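*Asks:* Here is how the chains run, residue by residue.
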Amino acid sequence: MDFMLDRIHKAQSFCNAACEKMGQQINIMEVCGTHTVSIFRNGIRSTLPKRLKLLTGPGCPVCVTDQGYIDIVLQLADRDDCLIATYGDMVRVPGKGGSLETKRTKANVKVVLSSEDALQLAKDNPNKIVVFVAVGFETTAPATAVVVKEAAAGSIDNFCILSGHKLVVPAMRALLSGKNHNIDAFLCPGHVSVIIGYGAFAEIVEDFGRPCVVAGFEPLQIIEGLGEICQQFSADKAELKSVYPAVVTEQGNTTAQKIINECFEPADGYWRGLGKIEKSTLKLKDKYSRFDALKRYNITETPGEDTSGCRCGEVLCGLIEPPECGLFGKSCIPQTPVGPCMVSSEGACAAWFKYGQPKREQ
Amino acid sequence: MKTTKNDRILLAHGGGGQLTDELIRHHILPKLKNDTLAELGDSAKLNVASKSLCFTTDSYVVKPLFFNGGDIGKLSVCGTINDLAVAGSKPVALALSLIIEEGFEFKLLDKILSSISQAAKQNSVNIVTGDIKTVEAGAADKIFINTAGIGVKLAGVDLGFEKIATGDKIIINGTIGDHGLTIISQREGIKFQSQLQSDCAGLAGLTCELLKNTSGVNPVRNKTPEASVSRLTGISNGVKFMRDPTRGGLAATLNEISKGSGLSIEIREADVPVSPVVQAAANMLGFDVLTIANEGKFVAIVSPESADDCLNICKNHPLGKEASIIGEVVQTHDAPTVELITKIGGKRIVQMPYGRELPRIC
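If you read the sequences in order, they're chains L and X.
Each residue of the first sequence is one higher than the one before, starting from 7 at the first, in our numbering.
Each residue of the second sequence is one higher than the one before, starting from 18 at the first, in our numbering.
Rather than coming from a laboratory, the hints here were simulated on the basis of the structure.
Note that the structure is a prediction, hence the values are computed from the model and not measured.
Errors might be hidden in some of the hints.
Here are the computed distance ranges between Cβ atoms for each label pair [as the list claims (entries may be wrong)]:
#1 Ser131(X) <-> Gln257(L): 57 to 65 Å
#2 Glu107(L) <-> Ser141(X): 52 to 60 Å
#3 Gln257(L) <-> Gln296(X): 28 to 36 Å
#4 Glu107(L) <-> Ala297(X): 42 to 50 Å
#5 Glu122(L) <-> Gln296(X): 23 to 31 Å
#6 Gly103(L) <-> Asn51(X): 57 to 65 Å
Glycine residues also receive a C-beta, built at the ideal position from the N, C-alpha and C atoms.
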């Protein structure tokens, strides 16, 4: 414990030194939703110098999923021949005419814990077409690819996926290419880096001159990641580093990458808050197109309209903090979420609401 | 007709006729028999030499019925006993009502009745009256149990929110989160192998010992000089308030105490006992262990002078070996809040959990 505290104090001293040297606010964006939750749960913000500001990024899969995608899922849930298989957090995201949770009364929405469960659902329900709501970054994409291949090999034709898979690096590029951004450095996601390797962030450092540091999810690892970034600021450098060497390599998991590439190809796609980003989403390759729900049902994905007043998009880009949204803590609370950032357990608004400021008595 | 010919509950077993009688005589009485129950009257006659009684009821619909560390039977006895225990009373009698779905297997019913019998014996309390209803298949999920309990208030013990004062210490009698995570780990669709075990236990033995020994009624073991002085001069009872942190976990109970007393609470993460297997499971599922249900724990608010005494009494009891002083009652500045000092020295709010719908944990 003492050893841990020593390392924390060391990292904190780097943060203090950088803030002093820079003489202005330093904004570090944590890209991953799991980082956001850990930062709040461990009270990390309260231990940082005032001038070091953490911005929450577009790293929660449910949150970045565009409203248009949600509306397609809801549309499919209305069909009697469909069985929707989804990860838990998605069921509460509101869209046109309710959420999957309200549709669940029709018993054609099933919560699954893995893509394998979704495929099993198809095997168990031969009279229904199981549509797997496949969201997530490079972390969950390999698992989706595996079941698509399994379905193809076993000719399980009543199975398809609605791919909402997204790529992290194009989103980071989009953020830095925007005019309004205030991002000085990135705390890069640990889980995604296990798959894509920390080398994938090199282009951000090279093209935009922003420090990128990959960190794990324990409080010590996060603080050390922030300390590493601050050391770079003090030394006037912008480098690519991983402080998560136990599990993240430069190349990443090449087997998982290969499986993704076998099934998917990058395509332009919509993100909540960020709009359309070039080659930022994964769509099934032509040889697997019969498992593509969009093709099967002849649906074209169009950008959806965010609920009026909901500022999740700006929260996801680190432009505002949740309490700056007029709905936060008023009409948008965990019991009755308006936007996905309040729905997801990894959402910035939910974390802020749960661990952040005390809710004042009305 | 003998019930032994049936291996399942029939609707007629709740019909009040011969089958009901046989169910009571062949299955209930052999397990739960005592003089009061054996009279099989419309009401139980109790001789209680006290004017001050506690009375409570609770219904149990846990799924699955059998889980590592207990079952619905044990839970239905312990849960009601604990509600009486934390109110400062000694449980003396329980009522037991069974609502059974047609087709429920007798061997499972017998197993549940054995657990009820064992739990009642362990806690020195009799089941003195009861009821059985059967419902059509599909109208209930296997078996639901209601228990009601009467307890005799311990002499000289007066617990309440109004007794709580700044500086009071907060004690918990052991690890948190064990019950809730055990149930979740055995739920359909999530099932995972683990060494998780519910903490389901009746606490009256420990609470009675604690209350008797810190309220000046009886001499104390392991007493410290300071504690005995306060008792001799009768400054105040050591224990001021108790509650069992069931649904909503420690987070809900501490928030209730904070709100009820109008005072803030500060707890230290490092002092809150959590078993490594529970912590690992909570991390995996993304749960905050502070919000997970317990069924064999109580939180006691005690005067600072008596805190060490109380802790020792707990530690000397089988159900309090891992007891810990987890924090203090502190001055309220704005509104009463519960704050956690994290292991890394950060601070965050512990909110009243908003009740992620975890189905039927008790």
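*Asks:* Mind checking the hinted window 57 to 65 Å against the Cβ distance between Ser131(X) and Gln257(L)?
*Replies:* 58 Å, holds
*Asks:* If you check the beta carbons of Gln257(L) and Gln296(X), does the distance land in 28 to 36 Å?
*Replies:* 32 Å, holds
*Asks:* Please check whether Glu122(L) and Gln296(X) have a Cβ separation lying inside 23 to 31 Å.
*Replies:* About 26 Å separates the Cβ atoms of Glu122(L) and Gln296(X), which means 23 to 31 Å holds.
*Asks:* CB of Glu107(L) to CB of Ala297(X), is that within 42 to 50 Å?
*Replies:* For Ala297(X) against Glu107(L), whose Cβ atoms are near 29 Å apart, the range 42 to 50 Å is violated.
*Asks:* A range of 57 to 65 Å was offered for this pair. Does it hold for the Cβ distance of Gly103(L) and Asn51(X)?
*Replies:* 58 Å, holds
*Asks:* Verify the CB-CB distance for Glu107(L) and Ser141(X) against the hinted window 52 to 60 Å.
*Replies:* Between Glu107(L) and Ser141(X), where Cβ atoms are some 46 Å apart, the hint is violated.
Hints 2, 4 from the list above are not met by this structure, while the remaining hints are.
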